[in-house]
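**Student:** Take the sequences, apply the hints, and build the full model.
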Amino acid sequence: MKYSFPSALCFPFKIFIAVCLFYSCSENKQKEDEVVVPEKPIVSKPRVIPPDFNSDSSFSFVKSQADMGPRVPGSKAHEKSIEYFKKQFERFGAQVLIQTGNATTFDGKPWLLKNIVASINPQTTNRILLAAHYDSRPFSEKETDAKLKGKPCPGVNDGASGVGVLLEVARILQQKNPGIGVDIILFDLEDYGMPNGGPEMADSWCLGSQYWSKNPHKQNYSARFGVLLDMVGAKDAMFAREGYSAFYANDILDKVWKAADKCGSGKYFNKEEYGEITDDHYYINKIAQIPCIDILHYDIYKGSFFEHHHKNSDDLSTIDKNTLKAVGQTLLEVIYNEDH
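For the sequence shown, my numbering assigns the number 1 to the initial residue and increments by one for each residue that follows.
There could be a bad hint or two in this list.
Okay, derived cross-link-like pairs now, DSSO-like style, lysine-lysine, Cα gap no bigger than 30 Å in a straight line [unchecked claim]:
1. Lys271 / Lys149
2. Lys218 / Lys271
3. Lys76 / Lys87
4. Lys176 / Lys255
5. Lys63 / Lys262
6. Lys271 / Lys235
7. Lys302 / Lys147
8. Lys109 / Lys286
9. Lys302 / Lys262
10. Lys214 / Lys147
Hints listed in this document are in silico derivations from the structure and should not be mistaken for laboratory results.
Only a predicted model underlies this, so the values are computations on that prediction, with no experimental measurement involved.
**Tutor:** Below, the structure is given as structure tokens:
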């Protein structure tokens, strides 16, 4: 059976149908005209497996410095170390510059400081900064024996360890180009600060980095970030999140601490934060305005640096190859996974 409508109802119904069809077609047309942008899938960059850090090689670089004796400014060992660093960096293909500048220590003595700058891939715009200090403290004020207080610190963990790690990093970067530019700076006159000085004497330390931060080795120099190494060779070292590092460069702390976990060095990198330490990174942050962190041996539970800090016992016996490996491998993890 077919249904038919009375003629009186047919016309209004046709109008109703036409209106419905109009809006339906308009809606469909609007949907057709809409550009649907598909969501971009989040693709994580595959991890680059960096070369292995050779702790034996790094230890040999530390030992070479220790064999020279304390690298106290003005000493033969200090001058000899500068020539040694220059020769090694050039052997590894780096462009080397010795930056000189005038400085006066807290005791009124004038000095011609010498910072060593080694640049890998110097033509590359995207750069990162790695640093350590190479000088030794002229006295050992933390010794209990009065006869030892006036003797210079050997400065093997406090100085030579950071340099030893960076020399090995430079050697590896020559073998496998990271693509990104890397500047390694060894600062002078870091450890000639006033003994037992208060906060007002904080600027008596880190004279080499203060000078460089005000007078970079290259005009308009910039780097994505910096990593400072200080006392990075002792057995069972603890590297926690230092206060100035967290304030100025917390994202870099996260980057480096995650890298340590990825490469198996996480047990050395404590995730707790502690107070501010005046070190070379402070001036790189404040003056040069490059976000820079400090990988520094500081026991947050004892509230002190490593046990031989500023003592005559800071000699080669304090160095553990496993710690050198942990720090060096972490740096390589960061470098080779940095976008370029």
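**Student:** All the hints need checking, so say for each whether the structure fits it.
**Tutor:** Verification of the hints:
no. : hint            : result
1   : Lys271 / Lys149 : 35 Å, violated
2   : Lys218 / Lys271 : 35 Å, violated
3   : Lys76 / Lys87   : 17 Å, holds
4   : Lys176 / Lys255 : 22 Å, holds
5   : Lys63 / Lys262  : 29 Å, holds
6   : Lys271 / Lys235 : 19 Å, holds
7   : Lys302 / Lys147 : 27 Å, holds
8   : Lys109 / Lys286 : 26 Å, holds
9   : Lys302 / Lys262 : 28 Å, holds
10  : Lys214 / Lys147 : 38 Å, violated
Violated hints for the displayed structure, listed by number in ascending order: 1, 2, 10.
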